[in-house]
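Q: Listed below are the residues making up each chain.
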Amino acid sequence: MKNSFLSIVGVENVKYSQAHMLAYSYDATANFQAMPDLVLSPRSTQEIVEIVKICAKEQIPIVPRGSGTNLAAGTVPTQGGIVLLFNNMSEILELDKENLTVTVQPGVITQDLSNYVESNGLFYPPDPSSMKISTIGGNVSENSGGLRGLKYGVTKDYVKALTVVTPAGEVMKLGGKLAKDVAGYDLLSLLVGSEGTLGVITEITLKLIPLPIAKKTGIAYFNSLEDAAETVSAIIANRIIPVTLEFMDKGTIGAVEDFMKIGLPREAEAMLLMEQDGNDKQVDEDIQKMIAIAKENGATSAILAASEEESDILKTGRRAALSALSRKRPTTILEDATVPRSEIAKMVKAIQEIALKHDLQISTFGHAGDGNLHPTCLTDVRDQEEMARVEKALEEIFQVAIELGGTITGEHGVGEMKAPYLEWKLGTVGMNLMRTIKQSIDPQNIMNPGKIFAKETKKRLVIHGGN
Amino acid sequence: MVVTELQQRMQESFKDNVDEEYLMDCMRCGFCLPACPTYLVTNKDEIHSPRGRIALMKGMRDGDVVWDGSVEESFDMCLGCRACEPACPAGVQYGVLLEETRVAIEQVKTKSVVEKAVRKSTFDGVFADQKKMAGAVKLVQFYQKSGLQTVTRKIGFLNLFPPFMKEMEAVLPAIESKKKRATPSEPKTTTVAFFTGCLMDTLFQETNRKTIELLESLGVDVMIPKEQQCCGALHGHSGELEKGLRNARTNVDAFDSDSFDFIVNNAGGCGAFLSEYEKHLQSDTAYAEKTTRFSRKMIDISSLLVKLGLNERLKEIQVESKAIVTYQDSCHLRNVNKVFLEPRTLLQDAPGFEYKELIDAGSCCGSAGIYNILQPEMAKKILDLKMKGVKELQPAKVVTSNPGCLMQMQVGIQREGLEKEMQAVHIVDFLYDAIYKNQN
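Which chain is which? The protein sequence lines are G and E, in order. My numbering puts the first residue of the first sequence at 485, with every later residue one more than the last. My numbering puts the first residue of the second sequence at 12, with every later residue one more than the last.
No farther apart than 20 Å at their CA atoms in a straight line, the calculated lysine to aspartate or glutamate pairs in the DMTMM-like style are these:
#1 Lys-745/G / Glu-96/E
#2 Lys-691/G / Asp-596/G
#3 Lys-812/G / Glu-32/E
#4 Lys-392/E / Glu-496/G
#5 Lys-349/E / Asp-742/G
Derived contacts from chain E toward chain G, CB cut-off under 10 Å, selection only:
#6 Glu-31
#7 Lys-55
#8 Glu-57
#9 Val-77
#10 Asp-79
#11 Glu-83
#12 Glu-84
Hint data in this document are derived by calculation from the structure and do not stem from the laboratory. C-beta: ideal position from N, C-alpha, C; glycine also.
Work out the full structure: start from the sequences and follow the hints.
A: Shown next, in the form of structure tokens:
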């Protein structure tokens, strides 16, 4: 079997040593690990077609993997099989300045793409915190969000066309550079965020927009979480849609300060990072207004970042929040609970109560502007008793999020980690429809099996925290 | 799978030597990946990344993998440049983990004849004893002076050695005999003890002489404690930590005096290990206090020169800027001791030159102690990547802060056939020439 793959991709692109199997047995999700049987680095769509055909015939699972930064165990090969890498498919193929699109192979690093288009005066807005490491293919598969989601949306809002190898080993082209296209079912949208369960994405065309001329950043510190949450609501109510409105609680501020040493006030209960882009005048007006609103809502300090460097440092700090938090305890479990932004204050409060109730350390940061919060539980996977409490607390957090009109994941995807909770969000009818779709496209269940669809759904709780 | 006795002992050794708590600090976020030179030059191979290596360390400890060539290769390939540490938001102490891993391996592994020979002659031989080092250098000196160098180069004697050794031989500096120092005139305001370093005091004697002269010209009284030895970094980074610490204790004793303000060193690699004596000897009650004093006084030459106001003096020398000068960071100076602004400050003010930043100046050049001898292929790839940036910039001088980097960059320049256009120099030599050649 190994030999057939070897003849497809070449000897240097097949990995099967023990060290390699271990090195591709994980992603950034805590507490998930499983060994693959083989790691392949194909060089073209055609090679992927040939690989998939063998896998379909022999019923071998395929797990496509970018840089393995995802946080819902979406790229852990829990059923064994092949981990498919894109390190040999990382070319930027075409920049189309007339249609404002860029066409890339899936292995391009998000930051490299962003830098490339910006050097051409264009802008690709999705900016997941892992953008220095993550690949575009991974972003499309997970429908990644980022710090600019509030104003510019997420990855799906920029995907114009895809080349996909189906689980039967056929090549399918979806979408195109055109602005309008309503021919049939929107299969393009179905594939974006499908987490590698419906096919292998081998080419991506993305929409670009003009690069905003100016941007400015404001920072506000608060004595209470409620004041920060009120500020978020008030900014939106004042009809400002900032590009970024990021929130960090006290625990997160302390952790980021430990890493960056940039002088964040450890005593502050919450901080908001507010950024606006656009033309000079509008940016200036909006940022001043946001600073004023923060002050009106009890900010102990609200100021303009002194320079672009300072604002970059603050954003880098925010992007590092999750990893920085992990300094405190051996295991870090991050959640992705998302609510309508009007419910942010309630959600943050509920998280605090749940942490208290279960005697756990949970810090929260996230994209306050779009309601996407990241409650992060600091624990120790070796302490089984505590891990049981963690699981209970996370269940309660999902429960509250759904009751507030929210969801179990805003930008990380379901993967294997959140699969048992998906039915809470979708209901039985939704789950059945999704299962039917998966089965009709991938009847042999070879594409990233075990992800999105859990064997069993968690029983919903009767008693819960929050309201 | 049959687990051999060696594999079992190796796992035990990992359990005994590699700290589980440090391993648990890694949350696998991958922020280290773009910072790791070996990950980048291997077309993003996860086993050659810090995250992958930590997973393997944990795998070894937990018994999820057994010791084999593939696991060994992953650890061997690591440069130990520690660029992953500043990039890691989770604060993983990768340097400690790597040292512990190498100790774990060293205690169990049977080594090849060649590696044994290299280790024996380096760790127990020249690098353990300053006199032996001096002796070895005398031999090189004789070899250079006697005309043997020219002869051996001609008859291809060196073809018998691995290719990298040959290239290294070609860039060995011409060794000068120890000269009497010029008598300094200014009144002394600061007293420093000079950590001369074993390579720096022999192969790069000239640089040490200039270091002392520069310091003296800035009003510094320079003392050289005689009992000092090799810093022990090479031992520590190769799994021979105990031997390294033997040197550490000798050095702490040699420098244990109230009569100086700083202990200065001019080799980035040594400087990092010297400043980490504190960490290594903290549980040694006889040495903890002395070592803390020692490490706190440690300063690298660039930082000290800036502190003493050398850059102000450089500014006073008016010479038209013509050539480009650039800087290749010493990984350990940058990533461990966090010194990267000071050398740049000095170079920006150097008369006669325009400073331009080298692309990825902070990434390793591939020298990394004796890495370029043990892993010549990988070292070559890393150096080739580095030289791409150098060729783009076309500097007249590539300034470095560590003897290993200096020789490595010189090898790179020679390999590209650029030795007529540019030169790799130690920062002290560069500054010395910038002052004295332009002043008189």
